[in-house]
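Number of protein chains: 2
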Amino acid sequence: MEKIKRTKVVDVLQRTDFGAVVNVKGWVRTHRSSKSVDFIALNDGSTIKNVQVVVDPSKFDESMLKQITTGSCINVNGELVESQGAGQTVELQCREIEIYGLCASDYPMQKKGQSFEYMRQYAHLRLRTNTFGAVMRIRHNMAIAIHKYFHDHGFFYFHTPLITASDCEGAGQMFQVTTKNLYDLKKNDEGKITYDDDFFGKQTSLTVSGQLEGELGATALGAIYTFGPTFRAENSNTPRHLAEFWMIEPEVAFIDLNDLMDLEEDFIKYCVQWALDNCKDDLEFLNKMIDKTLIERLKSVVSGSFVRLEYTEGINILEEAVKNGHKFEFPVSWGMDLASEHERYLVEEHFKKPVIMTGYPKAIKAFYMKINEDGKTVQGTDVLFPQIGEIIGGSVREENYDKLIGEINERNIPMKDMWWYLDTRKYGSCPHGGFGLGFERLILFVTGMQNIRDVIPFPRTPKNAEF
Amino acid sequence: MEKIKRTKVVDVLQRTDFGAVVNVKGWVRTHRSSKSVDFIALNDGSTIKNVQVVVDPSKFDESMLKQITTGSCINVNGELVESQGAGQTVELQCREIEIYGLCASDYPMQKKGQSFEYMRQYAHLRLRTNTFGAVMRIRHNMAIAIHKYFHDHGFFYFHTPLITASDCEGAGQMFQVTTKNLYDLKKNDEGKITYDDDFFGKQTSLTVSGQLEGELGATALGAIYTFGPTFRAENSNTPRHLAEFWMIEPEVAFIDLNDLMDLEEDFIKYCVQWALDNCKDDLEFLNKMIDKTLIERLKSVVSGSFVRLEYTEGINILEEAVKNGHKFEFPVSWGMDLASEHERYLVEEHFKKPVIMTGYPKAIKAFYMKINEDGKTVQGTDVLFPQIGEIIGGSVREENYDKLIGEINERNIPMKDMWWYLDTRKYGSCPHGGFGLGFERLILFVTGMQNIRDVIPFPRTPKNAEF
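Chains as they are written, first to last, in UniProt numbering: chain A, 1 to 467; chain B, 1 to 467.
Mixed in with the good hints there might be a few duds.
For identical chains, the list gives no copy identity; a pair is met inside one copy or between any two copies.
Each computed SDA-like pair below joins lysine to any residue, with the alpha-carbon atoms no more than 25 Å apart [as the list claims (entries may be wrong)]:
(1) K202 to Q173
(2) K365 to P108
(3) K376 to D262
(4) K299 to K370
(5) K463 to L182
(6) K148 to L309
Hints in this document: simulated from the structure, not taken from any laboratory.
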């Protein structure tokens, strides 16, 4: 076979130099045969679109052609010609075919229209389907948008540790990390397991958040962001929970509440606009197959301003709604933590646009949030989105050492391993704040997918660590 | 105090609109006082350079000024003036000062010239020093370069799982991840601990490499890269080992040995060139303070071609060196795994440039490497660098199902949890390859730092999981 430099399918489909002989390599999506002509739809993952390879069966070995079934991997030299068919502008008139790998007849992705549940069992092969290819390319693009946004705005990417000896925030149940021999656990006189022989010489877990370490970065480098895996050992079998997920946590020195809300809004709009600008083909596919209002919803997020709403005002609106006959599952009253139904009512029914809520009651938020002058609310800022509910949770941080200690004591938070966090308030403390974005929540929003297990390549959930 | 929008120090130092009143916020690096004038060197992490704030002490409260010691955080409005001093072009004539946070007198980063060992104990505060600020900004830049390189070349960022139930590659000792109650470990009749009550229903660990899952991505999306944390539970207390480190693992379908070596060389040169182009101030500082040959070494890497060397030829060169009286600690013979001294001899003494070595004996390389026609060597490709030794390890992968199974059986690798990996060779197998780059190894090379614990914010090593 003549050696020609490979052209990716995404690039072949842009070419107009008809008559040129090009090389493509990829996996067969479909192979339709008739007496006079074979059509092979070839995909190489570079785009959701296939290139059509038109084969004159009289010029090739019949038994060879017959082997090229869905899922096979082939290498094709062909002449670029204008396409006669609808929905494509170019196709390849096949000159040579080499088979790289045939596909066993029990290929699980053979049939179209399998359920997402079915496909999760074959997470390694579902990546070759239209839907998951689209989701993964969009996921990539969202990661790139995030890095580009922060880099362009002078934030430094900061790697906070995954293995941690602190569990201060109490954000969730943790996975223990150990090299101890479980068959020979050393205990002290009181029968407590000792950890001096464990790898780190103490009990360690997987982090639930990089924020506290992120604050160390921000109070030195000015503005940082994390983008890494985070873990929760909660036994939640829901379409919204993963035991291992990716989180983005920017943290900025010298920021106040308004600047923080500006940052949150600007950042998330940038990401959504990036998808609209850079993932057109994939979004159109998902809009057609998964969620017919997807593109419209993305456009509506970037086009208008977000509502900025005090918690107290939000409660008033919800109470008004109840008075007017709206039924919520959970009762509404000042001091409560909003449930998803409340958030969605405000966003989808009342304002019909994203909401940044602030001024939450101190008691329902974390210890590190800056306390307002009223002494009972804090400068937390949650961004509430249609469909998703809370997509961002952030706050200005309490920079006053004494107030922070007061909260820690009031909540009985064990601070023995947290001396380094308090040091930031002891040595040149500064106003600062930041937020956290669950990456998969963003991907759910941008793809219109319904289950978080379908927007990460290999989901980790209770009883599932396959692949 | 008048509210003026903050300008970052990195931007202030570029401004030439003398007479303008600007606002800067940051941490005091030094404060020198005399009767007639105070000089405050202020840094906000945006650059290694400080902005000099010139204070007329007669215009400010003396006791307030006195409190502003090294490490304090302040907010300054000042007039931009041309600097009289050497080494800076602008300075600020102070108009107003606000103290955000004073610095307790036991501030551990007070004195200059502390050892790196000392500073590691205060990893949360060392970030505020010149050296660690420079290292962290370069680290950020290298991450951005990596994402930009792969994005521009059509690779998709692919998140492989951290928690895994497979330990197939055997690349190193693993950390166990569990939610089991260690005080009440369930065992079966044979006394073996059972894992059906563990979070994932089986025994799980932290990954040592994302490569095998990366191959699943590449054989669907065409070209992917990972960039995430990786773990080794080896009890290695050396300047080169971390228990938790970041790794970049690109994987590409339809690549052959030469393309792979081209990719490795092009990629690493791009990263080094990015540092030279984007981290000038930080590199100049490190070149002056840490390693006087740093910039010269970086330039030499990007300027010439890497040597491409067969393993067998490399052994010949080493044997020749031994004959000519060169002393190695470890003896040289065909079949051995090269030690660092051998790699560095080839790179630093013999060729005086980076080397890509290939054609390694099968027995010293991993099971998945493509076997050459000689049946005894494989298409591994290690990139060997001055100072560092192996900076990249890669290979073309064996795509033939039967050959792969042969290697697995020959090495007695437990494949029970690896059915999904074999599926890539069963359903449309394709030629492919990739490599792994330890991120911290790259940062060591680009910064000239000597200890890997000093190029990651919070190192994880035996007996150390602080912060």
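Intra- versus inter-subunit Cα pairing at 25 Å for K299 with K370:
This pair counts as neither: shortest intra-copy Cα distance 34 Å, inter-copy 48 Å.
Between the shortest in-copy and the shortest cross-copy C-alpha distance, which are at most 25 Å for K202 and Q173: within, between, both, or neither?
The answer is both: 18 Å in one copy and 18 Å across copies each meet 25 Å.
Identical-chain pair category, K376 with D262, by Cα at 25 Å:
within (24 Å within a copy, 61 Å between copies)
From the Cα coordinates, with 25 Å as the cut-off, is the pair K365 and P108 best called within, between, both, or neither?
neither (46 Å within a copy, 32 Å between copies)
If the cut is 25 Å between Cα atoms, do K148 and L309 qualify within a copy, between copies, both or neither?
Neither: 29 Å inside a copy, 37 Å across copies.
With 25 Å as the alpha-carbon cut-off, assign the pair K463 and L182 to within, between, both or neither.
The answer is both: 21 Å in one copy and 19 Å across copies each meet 25 Å.
In summary, the numbered hints that this structure violates are 2, 4, 6.
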